[in-house]
Amino acid sequence: MNLMADILINVIIAFLAGSLLLGLHRKVMARVQKRPGPPIVQQLIHSLKFFFKETAFPKTVSKVFYIGIVFILALIWVVGVIVGPVAHDSLLILFGVYAVYKIVEHNSGSSSGSPYGKLSCVRAVLSAATELPLFAAIVFVYLVTGTMNIGEIIAYQSVHGPLVFSIPLAALMFFMLIITKSPYSPFAITKDKVLISGFETEHFGFLRGFMLFSEAIAWYVLLWVFLTIFFGPLNAVGYLIGMIVISVITGFINATTPLLSPNHSVMTQITIGAICFAGTVLMIFTGVVA
Amino acid sequence: MLDYMIYLLTFAVGSILGLLYSYKQHGEPFVAVTKFNIPFAIVSILGWVLGFCSGNMILSAIGFLLAGFVMGERPGYGRKETAVGLIIAIIVYLLLNWHVM
Chain H
124 MNLMADILIN VIIAFLAGSL LLGLHRKVMA RVQKRPGPPI VQQLIHSLKF FFKETAFPKT
184 VSKVFYIGIV FILALIWVVG VIVGPVAHDS LLILFGVYAV YKIVEHNSGS SSGSPYGKLS
244 CVRAVLSAAT ELPLFAAIVF VYLVTGTMNI GEIIAYQSVH GPLVFSIPLA ALMFFMLIIT
304 KSPYSPFAIT KDKVLISGFE TEHFGFLRGF MLFSEAIAWY VLLWVFLTIF FGPLNAVGYL
364 IGMIVISVIT GFINATTPLL SPNHSVMTQI TIGAICFAGT VLMIFTGVVA
Chain A
4 MLDYMIYLLT FAVGSILGLL YSYKQHGEPF VAVTKFNIPF AIVSILGWVL GFCSGNMILS
64 AIGFLLAGFV MGERPGYGRK ETAVGLIIAI IVYLLLNWHV M
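Protein sequence lines, in the order shown, are assigned to chains H and A. Counted the way the working numbering counts, the first sequence spans residues 124 to 413. Counted the way the working numbering counts, the second sequence spans residues 4 to 104.
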């Protein structure tokens with residue numbers, strides 16, 4: 124198939140699947156909290172609705188940056204789709220995508236000129252702590268498989284079995300990143316309700332539509348990468364079941380866990396990351412991991 | 004991948020149509036409906052079975068549209084029907100693919 128068509132189809136799939144999974148996530152959270160919750164398709168309808176809403180520009184914004192940042196946000200996650208599901212390329216590029224995403228979060232808050240956005244922008248720097256476990260997880264995948272290429276990692280797992288059985292603690296580190304990225308997460312300090320909607324507070328209309336579009340794609344890409352590098356070669360049904368199960372688990376965790384304060388959030392992430400890192404190193408050096 | 008995109012699109016369109024239809028039928032505040040709607044259950048079973056087991060892109064797309072229509076109903080409606088449809092579709096899928104597994 125034509126590469127451009129392949130990219131377009133995968134981006135549409137990522138947006139639709141990501142939106143529906145986030146809708147499911149909201150539904151699970153609601154049911155755990157004994158609320159009826161919105162329909163699963165509501166997240167998708169919200170995202171589309173914002174594209175047709177009036178867009179207002181606050182006087183305090185740095186306009187070029189304020190508008191440009193949402194396009195960059197959408198673009199980096201489209202790059203995530205290209206590197207992951209389309210090209211099966213390097214994990215390092217995906218790590219780069221996530222690192223840039225943190226910078227975009229930071230700049231999105233600062234460009235708004237709002238105190239809520241600015242505080243969220245400061246917290247985005249703190250929340251970069253999630254990148255350490257992510258990077259460590261990628262390093263362990265490299266140490267075990269000898270490659271960063273997703274296609275080759277899939278091939279490795281088809282011979283040796285899923286990596287989740289050989290380096291479970293690295294998978295746990297990656298899963299923690301997924302929890303962090305999920306809505307209403309205990310680690311979502313940039314979107315604390317004290318900060319209204321955090322770095323998104325001052326983005327309205329189609330700009331917010333782009334942000335929701337990016338969030339849906341980001342959720343899909345993260346789940347896809349997690350399932351691909353830790354659960355071996357999967358078919359479409361495997362991905363579907365895996366993504367639904369992870370969305371339900373994260374929804375359950377987020378519904379029952381309060382938001383941590385920024386210092387507790389960072390320390391918890393670093394502590395879990397350090398324990399998993401030490402555990403995996405121990406497993407490798409004691410020969411538990413072949 | 005084109006087929007998966009079509010399935011997702013038809014499922015989303017079906018859900019939106021189901022939501023609009025059920026709000027038109029039931030305008031009252033939220034009620035947890037306990038009665039089982041047989042016509043919707045048949046639509047749901049037909050939808051999920053076609054979606055998972057037909058093996059044909061167009062039939063699967065129609066199936067997901069129907070399944071989405073019932074599943075997408077406003078909160079409180081279509082839950083049991085969706086559950087029944089999904090369970091029957093999974094059983095049919097397993098029976099049809101038993102020899103492969």
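Hints are computed from structural coordinates only; laboratory data are not their basis. For clarity, every value in this text was computed on a predicted model and none was experimentally measured. Hints may contain errors.
As a list, the in silico DMTMM-like pairs of lysine to aspartate or glutamate whose alpha-carbon atoms are at most 25 Å apart [said to hold, decoys possible]:
1. H:172 - H:315
2. H:157 - A:6
3. H:172 - A:31
4. H:225 - H:254
5. H:304 - H:315
6. H:225 - H:315
Now the hints, each set against the structure:
Between residue 172 of chain H and residue 315 of chain H the alpha-carbon distance is near 24 Å, which keeps this suggested pair within the 25 Å criterion. With a C-alpha separation of about 36 Å, the suggested pairing of residue 157 of chain H with residue 6 of chain A is violated against the 25 Å cut-off. Among the hinted pairs, residue 172 of chain H with residue 31 of chain A is consistent with the structure: their alpha-carbon atoms are about 24 Å apart, no more than 25 Å. A threshold of 25 Å between alpha carbons decides the hint, and for residue 225 of chain H with residue 254 of chain H the separation of about 9 Å falls inside it, so the pair holds.
Straight-line distance between C-alpha atoms of residue 304 of chain H and residue 315 of chain H comes to about 13 Å, which keeps the hinted pair within the 25 Å bound. With a C-alpha separation of about 16 Å, the suggested pairing of residue 225 of chain H with residue 315 of chain H holds against the 25 Å cut-off.
When each numbered hint is compared with the structure, a violation occurs for hint 2 only.
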